[in-house]
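Chemist: Sequence:
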Amino acid sequence: MGKRKMIGVAAVLAGVAASALFMYTIGSDQPQAKDDLLGPAPAGKPAPAGGKGIIAGTLEPSLTYEKQHDAYVFTFTVKNQTERVQTITFTSGKRYDYILYRNGKKVKQFSERKMFTQIYEQRTLKQGEELTFRETFRGLKPGTYTLDWWLADPNWPNARAKVTFTVQ
2 MGKRKMIGVA AVLAGVAASA LFMYTIGSDQ PQAKDDLLGP APAGKPAPAG
52 GKGIIAGTLE PSLTYEKQHD AYVFTFTVKN QTERVQTITF TSGKRYDYIL
102 YRNGKKVKQF SERKMFTQIY EQRTLKQGEE LTFRETFRGL KPGTYTLDWW
152 LADPNWPNAR AKVTFTVQ
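Plus 1 on top of the position in the sequence shown (first one is 1) and you've got the working numbering.
Calculated directly from the structure, the hints in this document are not laboratory data.
Please note: incorrect hints may appear among the correct ones.
[Unchecked claim] Think about it this way: if two alpha-carbon atoms lie no more than 27 Å apart in a straight line, the pair counts; the simulated DSSO-like pairs of lysine-lysine are:
| # | residue 1 | residue 2 |
| --- | --- | --- |
| 1 | Lys127 | Lys107 |
| 2 | Lys80 | Lys95 |
| 3 | Lys115 | Lys163 |
| 4 | Lys80 | Lys163 |
| 5 | Lys163 | Lys127 |
| 6 | Lys163 | Lys109 |
| 7 | Lys163 | Lys106 |
| 8 | Lys127 | Lys95 |
| 9 | Lys95 | Lys109 |
| 10 | Lys109 | Lys80 |
| 11 | Lys163 | Lys68 |
| 12 | Lys106 | Lys68 |
| 13 | Lys127 | Lys109 |
| 14 | Lys106 | Lys142 |
| 15 | Lys127 | Lys80 |
| 16 | Lys68 | Lys80 |
| 17 | Lys107 | Lys142 |
| 18 | Lys107 | Lys163 |
| 19 | Lys142 | Lys68 |
| 20 | Lys142 | Lys109 |
| 21 | Lys107 | Lys95 |
| 22 | Lys95 | Lys163 |
| 23 | Lys68 | Lys127 |
| 24 | Lys115 | Lys142 |
| 25 | Lys95 | Lys106 |
| 26 | Lys142 | Lys163 |
| 27 | Lys80 | Lys142 |
Fair warning: this is a prediction, and the values are worked out from it, not measured in the lab.
Go ahead and model the full structure; you've got the sequences and the hints to work with.
Modeler: In structure tokens:
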């Protein structure tokens, strides 16, 4: 790559970083609080744990399943239960990850032995909006299973849910 192209690429990257910093700092003139359990909370507002309805600072995850003949269909949903629009950032084609355990031992991890596209995407969720993902598992051997599923955005580490089920 020539010197001019390198300078151009560096200028574009610097511009993107400056824009992101500017957007972050103008979002609020007050410092933002962060609750370790619930994610970022607006300054001056508590981030209560649990409950339903609009809650300051949380993306509410849920994980449900339905048995259909010999298959189990899982639905992972993340709902914006905050008082403002939230941004979810994906730094690759991986939107979520999960680990399936059988009798306490790892059976499968979604991201294992996979390659994901190098893509940067930001999704905004208005108040009450949700993202939904589905996976189907077939041919599960008898046992007690636990599925641990999370959103692939490091800014929302608590957008994670678990479910335990038994296969006869």
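Chemist: All hints, please: hold or fail.
Modeler: Outcome of the hint check:
This hinted pair does not check out: Lys127 and Lys107 have alpha carbons roughly 35 Å apart, beyond 27 Å. Taken as a hint, the Lys80 and Lys95 pair is honoured in the structure, with Cα atoms around 18 Å apart against an allowance of 27 Å. Taking the CA atoms of Lys115 and Lys163, the gap is near 22 Å; set against the 27 Å cutoff, the hint holds. Distance check on the hinted pair: Lys80 and Lys163 sit about 16 Å apart at the alpha-carbon level, within 27 Å; holds.
The straight-line distance between the Cα atoms of Lys163 and Lys127 is roughly 25 Å, inside the 27 Å bound, and the hint therefore holds. The straight-line distance between the Cα atoms of Lys163 and Lys109 is roughly 15 Å, inside the 27 Å bound, and the hint therefore holds. The straight-line distance between the Cα atoms of Lys163 and Lys106 is roughly 15 Å, inside the 27 Å bound, and the hint therefore holds. The straight-line distance between the Cα atoms of Lys127 and Lys95 is roughly 22 Å, inside the 27 Å bound, and the hint therefore holds.
Simply put, Lys95 and Lys109 have alpha-carbon atoms about 16 Å apart, close enough for the 27 Å limit, and the pair holds. Note on Lys109 and Lys80: the hinted pairing holds, with a Cα-Cα distance of about 26 Å set against a maximum of 27 Å. The suggested pairing of Lys163 with Lys68 holds, with an alpha-carbon distance near 17 Å, which does not exceed 27 Å. As the CA atoms of Lys106 and Lys68 are separated by approximately 22 Å, the hinted pair is consistent with the 27 Å bound.
A threshold of 27 Å between alpha carbons decides the hint, and for Lys127 with Lys109 the separation of about 33 Å lies outside it, so the pair is violated. For a cut-off of 27 Å, the pair hint linking Lys106 to Lys142 stands: about 13 Å separates their Cα positions. For the hint pairing Lys127 with Lys80, the CA-to-CA distance comes to about 9 Å; that is within 27 Å, so the pair holds. As the CA atoms of Lys68 and Lys80 are separated by approximately 23 Å, the hinted pair is consistent with the 27 Å bound.
Simply put, Lys107 and Lys142 have alpha-carbon atoms about 13 Å apart, close enough for the 27 Å limit, and the pair holds. Between Lys107 and Lys163, the direct Cα distance comes to roughly 14 Å. Compliance with the 27 Å bound is thereby established for this hinted pair. Distance hint between Lys142 and Lys68 is fulfilled; the C-alpha atoms sit about 14 Å from each other, no more than 27 Å. Taking the CA atoms of Lys142 and Lys109, the gap is about 13 Å. The hint holds against a cut of 27 Å.
Distance restraint check for Lys107 and Lys95: the Cα-Cα separation of roughly 20 Å lies within the 27 Å cut-off, and the hinted pair is therefore satisfied. Our distance criterion of 27 Å between C-alpha atoms is met by Lys95 and Lys163, whose separation comes to about 19 Å. Proximity of Lys68 to Lys127 is assessed by CA-CA distance (about 31 Å); at most 27 Å being required, the pair is judged violated. For a cut-off of 27 Å, the pair hint linking Lys115 to Lys142 stands: about 24 Å separates their Cα positions.
At most 27 Å may separate the alpha-carbon atoms for a hinted pair to count; Lys95 and Lys106 meet this at roughly 24 Å. Of the supplied pair hints, the one linking Lys142 and Lys163 holds, its CA atoms being roughly 19 Å apart against a limit of 27 Å. The straight-line distance between the Cα atoms of Lys80 and Lys142 is roughly 32 Å, outside the 27 Å bound, and the hint therefore fails.
Consistency note: the structure conflicts with the earlier hints numbered 1, 13, 23 and 27.
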